[in-house]
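With the hints as constraints, model all of the structure from the sequences given.
For what it's worth, my numbering labels the leading residue of the sequence shown as 1, then goes sequentially.
Read the hints as simulated data drawn from the structure, not as lab findings. Any given hint could be a false lead.
[To be verified] Under the rule of at most 30 angstroms between Cα atoms (straight-line distance), these lysine-lysine pairs were calculated in the DSBU-like manner:
1. Lys188 to Lys157
2. Lys182 to Lys215
3. Lys394 to Lys519
4. Lys519 to Lys473
5. Lys365 to Lys473
6. Lys157 to Lys182
7. Lys194 to Lys224
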Amino acid sequence: MRSIEIPQPGERDYRYRFFEILPGALTWIILSSPVILGLISSKLAAYFIIAYLLLWFVRAIGLNVRSLQGWRMIKHHQSMPWKELNRDLENLRVEMASAPKWHSQNLARVAKNMDHHARIKPSQVYHAVFIAAYNESQDIIEPTVQAVINSKYDMGKVILVLAYEERDGAQAEPAMLELASKYGKKFKHTMVVKHPLTPNEVRGKGGNITYAARKLQKYLEEQKIDPMHVLVTTLDSDNRPDKQYLAALTYTYCSTEEPKYASYQPIPMFTNNIWDAPAPMRVIATGNSFWMVIQSLRQHMLRNFSAHAQPMAALIDTDFWSVRTVVEDGHQYWRTYFRYDSKHDVYPIYLPIYQDAVLASSYRKTLKTQFIQIRRWAWGASDIAYVAYTGFMKPNKIPRYKVISKFFRLLEGHISWSTSPLILLLAALVPFFLNPQSYVANQLPQVASKLQTIAMFGILITLYLSMRSLPPKPERYRRRRTIWMIIQWVYLPFTSIVFSSFAAINSQTRLMFGWYLGKFDVTEKAVKR
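Spelled out as structure tokens, the structure:
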């Protein structure tokens, strides 16, 4: 079986390095284009900038429509009686009154296309829920365990895996053992797994959950449980699944025609502590939440992020997650994609996994921690070289057009991440400063301002939806805190440039020069009382 592992730094040849350099090089070329074009011709610079603004103006309309559609989809799925839907799926017979049309269509499709004896029924499914922790207190982890227990699902079908690091044993071990003792009997089985320091592994979540998954594999073999009947969901210590998540995941899995070749992506919503986080972090958290809502409706762009689920059988086939990258979640999509020669899809689960906004022990540390977190997410640009190398330069059976499409979408996404806020907000001023006597250069900021003003109406949609998605306000806050939830959006230009563009530029520039992220910078989590 061919290797799907990321090459170690010393194993990367000039071809691999070329594609590591590519995203950073393109970013710096695009960012310098307004200056270079402005020095050559003010008109040329103006045409470039207006074309870019118009492109994003059209995109913004589409993104706002998607956010409204996604919001409605979440509310619809939260109201669904998934227990009854699973019962119907078990028997392939609609018994539920006023069943949605898509449910009847699903049952008909399953009955027609899936072998009756081979298909997996909801009653056969087990869930293994991994909670990975490093340097987090019991105050952070315990609500996550409680959220799993409070799911509208039979806990007798759930295996809880508490995974922690040996290097953090002094803090994590007592907390994990206490939680296992306190809640372990509520699950079918509870495992507490300590991941030892291992050579040639990036210090990150991938090694931790991979080690725990191998322990789970042994348990399943002892219990004679088919890995195809086990769905693994990975959670960070602050991830609290919606009450309907496990039931909806079961339904989606059992109605997938080839479930081994699928993974499942719920919607991260960064609202657990949204009332406590500083205003800039609230803006970032809200923006990230709604970006994930939008992505859930763009299945051609959907990949694993943060909490996600995959059959244990597929994890075994991919040798679990990569232990060589700090972005093991997104990279797992590519590992599976190439293991199965592109026969892999990500299906959205339109239910939230509630997560924390960034909140550290001080305001200054919170700002720094937020930047480091987004820089780590932006390290997904390292997958560009992996996709190019594995897709174009190693033997595989994937049609070339599929790899080309995937490659350019991945590349465009990371280039847009690093360049768009800066170009959209500042580029129109560059020709004016370079050539203030030019009529075109003088008019460009006004044209750009009008386009930006119209586009800003889209923020009203985000503002409306963000207020609707807020959890109840803690009693310790007065009414004026709600007003600040509206005023906070004045930070959007600042957060877009500093915590989006600059963080992505930092990652891509590091990648250009081979300054690899060798450890997973865990986001500090503080609890306000």
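Results for each hint:
At most 30 angstroms may separate the alpha-carbon atoms for a hinted pair to count; Lys188 and Lys157 meet this at roughly 6 angstroms. For the hint linking Lys182 to Lys215, the alpha-carbon distance of about 22 angstroms falls within 30 angstroms, and the restraint holds. Between the alpha carbons of Lys394 and Lys519 the distance comes to roughly 28 angstroms, so the proposed pair stays at or under 30 angstroms and holds. With a CA separation close to 36 angstroms, the supplied pair Lys519 and Lys473 exceeds the 30 angstroms bound.
At most 30 angstroms may separate the alpha-carbon atoms for a hinted pair to count; Lys365 and Lys473 meet this at roughly 24 angstroms. A C-alpha spacing of about 18 angstroms is found between Lys157 and Lys182, which places the hinted pair at or below 30 angstroms, so the restraint holds. Taken as a hint, the Lys194 and Lys224 pair is honoured in the structure, with Cα atoms around 24 angstroms apart against an allowance of 30 angstroms.
Violated hint for the displayed structure: number 4, the only one.
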